[in-house]
Each structure stands twice: as structure tokens, then as C-alpha cells.
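K.L.:
Read top to bottom, the protein sequences are chains A and B.
Just so we're aligned, residue 1 is where the first sequence starts under this note's numbering, counting upward by one.
Just so we're aligned, residue 214 is where the second sequence starts under this note's numbering, counting upward by one.
Quick caveat, the hints were computed from the structure, so don't treat them as lab data.
Since the structure is predicted, the reported quantities are computational estimates derived from the model, not experimental observations.
In silico DSSO-like cross-links for lysine-lysine, where the CA-CA straight-line distance does not exceed 30 angstroms:
#1 B:LYS267 with B:LYS319
#2 A:LYS154 with B:LYS248
#3 A:LYS154 with B:LYS267
#4 B:LYS248 with B:LYS319
#5 B:LYS319 with A:LYS154
#6 A:LYS109 with B:LYS372
#7 B:LYS319 with B:LYS280
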Amino acid sequence: MDVPVWQVIYEELQAENPNFEIISVAQDTGGEADAGPIFDAANVSYTSIIDVNHQISALYNLVNVPSGVWIDETGRIARINEGTYAQTHMNGAFGTDDYLPIVRDWVAKGADSEYVWDADRVQDSIIERTPEAERAQPAFRLGGYYFQNDNDAKAEQYWTLAQELDPSSWNYLRQDLMYEDGGSAGPEWQQRRQEIESAGGSYYAPLEIEQNN
Amino acid sequence: MKMNWQEKLLGTGMVLLLTVSATTAGAQSATVLYKERIVEISDTLADASELWIKPEDLTRINDFELKPQGACLENLCVPVLQDRDSDMYVTRRGQGWFNMTGLADKLQQAWVADYDDNVFSFGVMPLERQSFFRGAMAPDFELSDREGNIVRLSDFRGKQVLLLTWASW
Numbered sequence: 001m002d003v004p005v006w007q008v009i010y011e012e013l014q015a016e017n018p019n020f021e022i023i024s025v026a027q028d029t030g031g032e033a034d035a036g037p038i039f040d041a042a043n044v045s046y047t048s049i050i051d052v053n054h055q056i057s058a059l060y061n062l063v064n065v066p067s068g069v070w071i072d073e074t075g076r077i078a079r080i081n082e083g084t085y086a087q088t089h090m091n092g093a094f095g096t097d098d099y100l101p102i103v104r105d106w107v108a109k110g111a112d113s114e115y116v117w118d119a120d121r122v123q124d125s126i127i128e129r130t131p132e133a134e135r136a137q138p139a140f141r142l143g144g145y146y147f148q149n150d151n152d153a154k155a156e157q158y159w160t161l162a163q164e165l166d167p168s169s170w171n172y173l174r175q176d177l178m179y180e181d182g183g184s185a186g187p188e189w190q191q192r193r194q195e196i197e198s199a200g201g202s203y204y205a206p207l208e209i210e211q212n213n
Numbered sequence: 214m215k216m217n218w219q220e221k222l223l224g225t226g227m228v229l230l231l232t233v234s235a236t237t238a239g240a241q242s243a244t245v246l247y248k249e250r251i252v253e254i255s256d257t258l259a260d261a262s263e264l265w266i267k268p269e270d271l272t273r274i275n276d277f278e279l280k281p282q283g284a285c286l287e288n289l290c291v292p293v294l295q296d297r298d299s300d301m302y303v304t305r306r307g308q309g310w311f312n313m314t315g316l317a318d319k320l321q322q323a324w325v326a327d328y329d330d331n332v333f334s335f336g337v338m339p340l341e342r343q344s345f346f347r348g349a350m351a352p353d354f355e356l357s358d359r360e361g362n363i364v365r366l367s368d369f370r371g372k373q374v375l376l377l378t379w380a381s382w
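Next comes chain A alone, as it looks inside the complex:
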């Protein structure tokens, strides 16, 4: 959705600070066929990756898209696990205009930006996984292997297992639903999302824009 928006922002911010880089990672089991045209249409010049096994979400304990991580010059995380739309979409149905200004601030000021979190805050924001939930990624990976080999029954078996092992992952649910009748934003997804939100939870990882100082 925001792939072309980030391209405009990337050009703007790189002109200001050549050390700024975007690594954009599509969590798409369907690979190039699904995500490729979207990257192409935006003529992206930032680093673009199609991550068919959702490896980045597994590694950084992310459960939904879009998600963002700030990584500083030393490899330290400065923010993590936030629903990071670049702008408001569909008259405010989703997305926010609040994120981009803090990215700009970070690119301009680096470690001195008031939006950089300390290590404790980063630690608190990393989702914890049980050993059982850690098994979801190899289960999903196994389902992907069968999907690539056109064994849909076994793909479904292990994608279902992945969802059972880590029910917090919207990525595993929606990637699977994409291949079912209702689609990734169909009735099942809508129902699950409403359940979360009516229980006071939030579907996207919340964006908290308070300043440190």
C-alpha cells in the first residue's frame, strides 16, 4: 500500500542524509508474482526483498504488516513493533499521518531525536514468544515448502499448525486466507479483527509518539 509513498520519502530523506536507508521486506509466500509488480510499479530504488518464508517477522517477533523497526548506525534498535503506515488511507479508515514526522526527525537528528527509545523501552516493546510459539515459524516454513511443491493439503496442514502455535500472528492467518475463498480481508479476518478490537486490543501494533524529553 505504501510502497510508492516510501519511495518519495526515501528520495527526500536521502537527499538530506545519505546515510539513511530503507529495507522494505514483503512477507509474501507467493513471491515475485505477488509482490514484484507492486515494487515495480513504484520504481523503488531502496532495498527491496521478497521474504517468502516471513523470516524477518520471525526474527524480529513481528505479527502484522506493516511493521517498522528503526536500526541505528551501530545496529542498535531505536524503535520496534509499530504499525507503520506512511500516511492516512481511505479517508482515515486506516493508516496515520503521525508516523512520517518522527521518521523525518530521526533522520535529521539521529541518536539525538527525542523519538529514539532507550534499550529498556525497546526491550519492553519486543513481543515475547513461548517455546510453543517459536515452533510456528518452522511450521509455516514447512507449509511454504509444500506450497512451492504444489502439495496444497500439506501446505494447509502446516499453515494451520503455525496459526495454532502462534495465534497472535496476523501474518500467518492472512497469508493462509489469501488462498481461501474469503480472501485475506474476508469475513474470517474481519471477525477476528473485531474480536480483538471489541476486547480492547488493537489490530495494528500501536504507534506511541510521545517524546522522551
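The hints should help you fit chain B onto chain A, whose structure is shown.
P.N.:
Coordinates of chain B only, in the frame set by chain A:
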């Protein structure tokens, strides 16, 4: 003097067969998934639940190497006795076999297997994320970009990186 059955078994070394689960059945292939790798293993030791491989296949799977002191990756070595059979290493069919899933368990690395097809899928190794959970350091990764170039986060040292995930679905 008559030996009892245990002494007879000990005398022939057969008791070891009873103490480890790996059997001596014929060649069985396996497929191993780890990160982006799909590694075909032509010969494994048949076992009901664990994956036993030739030591040389270990490196193809996850870059660990079986050395005299154990299974090693860079400075880390998981001790593996090799002068006798153990839960990590056995000698069968005239050669040594290494317990791949046993290593994963020792490293607390999650794995899932399809035993019908002998496909083993391994997750992230906790040792790669120690400084993520304690120190807020970004875990390194290695993925191909759309042009086929290898992208490693560690190549971006000195850069400010905005890492974004999205999906077409």
C-alpha cells in the same frame, strides 16, 4: 562359566543398540529446511523421531562443523562425544552419525517435521538473538533482494536503517 544375557550383549557391543534410539535400517533420504536453505540429504539413519545425519551434511544445513571437541559454529562448541555412542553421535554401518535434531534441542532451536516425507524444518537459533533480547541489538539476516544480491543487515553498519515489512495480501 555361563554368562547372563547382559554380559553376552556387552561382550558383543549389542547393548548399545538398546540404549540409543537410532537403528541400523537402510539408507533413507531427508529434506532439511533452514532459513532460505533447502538441503537434500541422500542418506540418514532411519529413526522414528530424530534426524541422524552424516557429519559432513551438518555444515550444509547450518554451518556448524563437527570437530573433536563437538559441534562448533565460530566460538561456540556443543560437546559431542565421538569415541563411543551417545544421544548425539553413534557409529553405524561403518561410519559416524550425528543427531541433528538433538543439536537443535540442545540449542533450544524450534523444529517441526513431516515424518511421512522426512522433511525437517528448523527455526531461528536463540544464540542468534541473545543481544536482541538483552541489548536491543538488531538480529542480522541474510536474504536475496529482487536482483538476486545477498542483503545482510550487517552490511548496513554506519547507516540509519528503516526496516519495513508489508505484504501484497
